[in-house]
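Could you put the whole structure together from the sequences, leaning on the hints where they help?
Protein chains: 2
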Amino acid sequence: MSEIIPIGEKVLSDNDRLAAEIRARLARLNLPSLNLVSSPGSGKTSLLEKTLAHFGGRLRIALIAGDVQTDNDARRLAAAGGALVRPIVTGGACHLDARMVSRVLAEMELEGCGLLIIENVGNLVCPSSYDLGEDKKVVLLSTAEGDDKPLKYPAIFRRAALLVITKTDLLGLSDFDLERAARHARMINPEIEILHLSSRSGEGMADWYAWLERLTRRPAAAVPDAGGNPLE
Amino acid sequence: MSEIIPIGEKVLSDNDRLAAEIRARLARLNLPSLNLVSSPGSGKTSLLEKTLAHFGGRLRIALIAGDVQTDNDARRLAAAGGALVRPIVTGGACHLDARMVSRVLAEMELEGCGLLIIENVGNLVCPSSYDLGEDKKVVLLSTAEGDDKPLKYPAIFRRAALLVITKTDLLGLSDFDLERAARHARMINPEIEILHLSSRSGEGMADWYAWLERLTRRPAAAVPDAGGNPLE
Numbered sequence: 001m002s003e004i005i006p007i008g009e010k011v012l013s014d015n016d017r018l019a020a021e022i023r024a025r026l027a028r029l030n031l032p033s034l035n036l037v038s039s040p041g042s043g044k045t046s047l048l049e050k051t052l053a054h055f056g057g058r059l060r061i062a063l064i065a066g067d068v069q070t071d072n073d074a075r076r077l078a079a080a081g082g083a084l085v086r087p088i089v090t091g092g093a094c095h096l097d098a099r100m101v102s103r104v105l106a107e108m109e110l111e112g113c114g115l116l117i118i119e120n121v122g123n124l125v126c127p128s129s130y131d132l133g134e135d136k137k138v139v140l141l142s143t144a145e146g147d148d149k150p151l152k153y154p155a156i157f158r159r160a161a162l163l164v165i166t167k168t169d170l171l172g173l174s175d176f177d178l179e180r181a182a183r184h185a186r187m188i189n190p191e192i193e194i195l196h197l198s199s200r201s202g203e204g205m206a207d208w209y210a211w212l213e214r215l216t217r218r219p220a221a222a223v224p225d226a227g228g229n230p231l232e
Numbered sequence: 001m002s003e004i005i006p007i008g009e010k011v012l013s014d015n016d017r018l019a020a021e022i023r024a025r026l027a028r029l030n031l032p033s034l035n036l037v038s039s040p041g042s043g044k045t046s047l048l049e050k051t052l053a054h055f056g057g058r059l060r061i062a063l064i065a066g067d068v069q070t071d072n073d074a075r076r077l078a079a080a081g082g083a084l085v086r087p088i089v090t091g092g093a094c095h096l097d098a099r100m101v102s103r104v105l106a107e108m109e110l111e112g113c114g115l116l117i118i119e120n121v122g123n124l125v126c127p128s129s130y131d132l133g134e135d136k137k138v139v140l141l142s143t144a145e146g147d148d149k150p151l152k153y154p155a156i157f158r159r160a161a162l163l164v165i166t167k168t169d170l171l172g173l174s175d176f177d178l179e180r181a182a183r184h185a186r187m188i189n190p191e192i193e194i195l196h197l198s199s200r201s202g203e204g205m206a207d208w209y210a211w212l213e214r215l216t217r218r219p220a221a222a223v224p225d226a227g228g229n230p231l232e
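Protein chains in written order, with the working numbering: chain S, 1 to 232; chain V, 1 to 232.
By construction, these hints were calculated from the structure, which means they are not laboratory data.
Where hints are given, some of them may not hold.
The list cannot tell twin chains apart, which means a pair is met if one copy fits it or any two copies do.
Claimed, not checked - Using 20 Å as the maximum straight-line C-alpha spacing, the simulated EDC-like pairs for lysine to aspartate or glutamate come out as follows:
(1) K50 - D148
(2) K136 - E9
(3) K50 - D175
(4) K136 - D148
Encoded structure:
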């Protein structure tokens with residue numbers, strides 16, 4: 001396996017260089033950006049559908065929807081209306097990388113957009129290693145998945161600025177405990193912010209919208225020009 | 001990226017050689033084997049806990065529990081009793097590979113065991129590419145994850161002999177439709193067998209136990225000596 005490590009490092013280094021270019025472009029546009037990471041089925045697309053509907057004409061959102069196969073999510077999200085939506089189909093790759101994002105961003109008219117959201121491939125492991133040039137990583141965890149996941153998949157919880165616990169309408173139907181999930185996440189990342197919500201019932205959605213609004217109202221000087229997840 | 005492809009092929013080829021060695025050893029032991037793959041939180045460990053408790057002394061199960069971090073699953077499963085349980089902690093790697101499994105198997109006393117189950121890392125993408133020498137791949141999909149997943153993550157559904165739809169106690173609380181999930185899975189793999197069950201309510205568990213029992217009762221001649229998922 002010894003020949004693999006330098007190549008892996010080179011790929012990450014190329015990725016980091018491209019991510020820095022993306023970050024610089026987004027900073028020039030004063031466009032805050034999120035990279036949403038979760039398991040398959042944690043509810044990323046449903047949350048984004050509601051989010052696009054909520055902000056409607058008030059905030060134009062640029063959205064890149066990554067998937068291993070099919071552009072179904074991108075089509076669902078484009079149907080929600082009001083957003084600039086582009087798919088990335090990785091064709092088998094288990095994560096988005098900065099090269100894929102850079103290519104799609106080059107063809108997007110970002111002027112007039114107030115927020116860029118990148119919906120990563122459904123995978124709690126691989127996307128954690130790839131900087132996409134985003135300001136913040138957001139990790140989603142569904143109450144159906146179990147409150148032990150921060151300990152078992154620590155890398156993404158360590159790098160995320162925000163944990164969104166989804167599907168709270170299913171609380172009580174499993175052993176998932178909100179307090180325990182939060183404690184596990186903070187064991188990995190004491191600085192992580194935590195929200196919990198249900199796209200289905202609407203519970204907690206106002207907190208998510210307020211979190212996004214704070215992100216879009218930050219002063220231009222707060223836009224990072226390097227690095228991953230700046231602490232606020 | 002051009003320098004990566006040959007290395008990737010070499011890794012897979014080394015993996016396939018080791019997987020063939022594992023398969024030959026398991027065939028000599030007449031030990032049927034499964035590789036369980038799913039998203040994080042689809043209920044692999046809960047299903048295995050119930051399965052170990054069900055078979056108890058009647059069938060000794062050898063179980064390898066893979067995780068990115070922590071051996072919590074292996075400890076949960078060892079506590080269920082009656083099985084020979086060993087952890088693999090990948091330390092960040094997003095899948096098990098044949099080398100990891102081979103090392104652990106070398107230290108397991110498999111004589112007297114009637115079934116080997118390998119619980120892969122929670123990831124619906126990467127594990128699909130790595131043959132571990134198992135007879136059959138089993139993919140789990142929770143009703144909380146959405147019935148579109150076979151189309152979005154086709155590789156593992158194409159290679160699996162069995163789809164187990166889990167958490168049927170949550171049906172009706174989401175848009176998940178059993179018929180649609182089955183149709184999507186069969187679009188990807190017309191031969192795939194499908195079971196649905198709830199470890200929590202017990203519904204459908206008898207079908208899973210019967211499926212495992214059929215696997216353990218097969219004649220020795222049916223043990224494959226090469227290849228991945230032989231059709232029965």
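Hints, verified against the model:
1. K50 - D148: between (27 Å within a copy, 19 Å between copies)
2. K136 - E9: neither (23 Å within a copy, 34 Å between copies)
3. K50 - D175: Only across copies: K50 and D175 sit 16 Å apart there, 27 Å inside one copy, limit 20 Å.
4. K136 - D148: neither (23 Å within a copy, 28 Å between copies)
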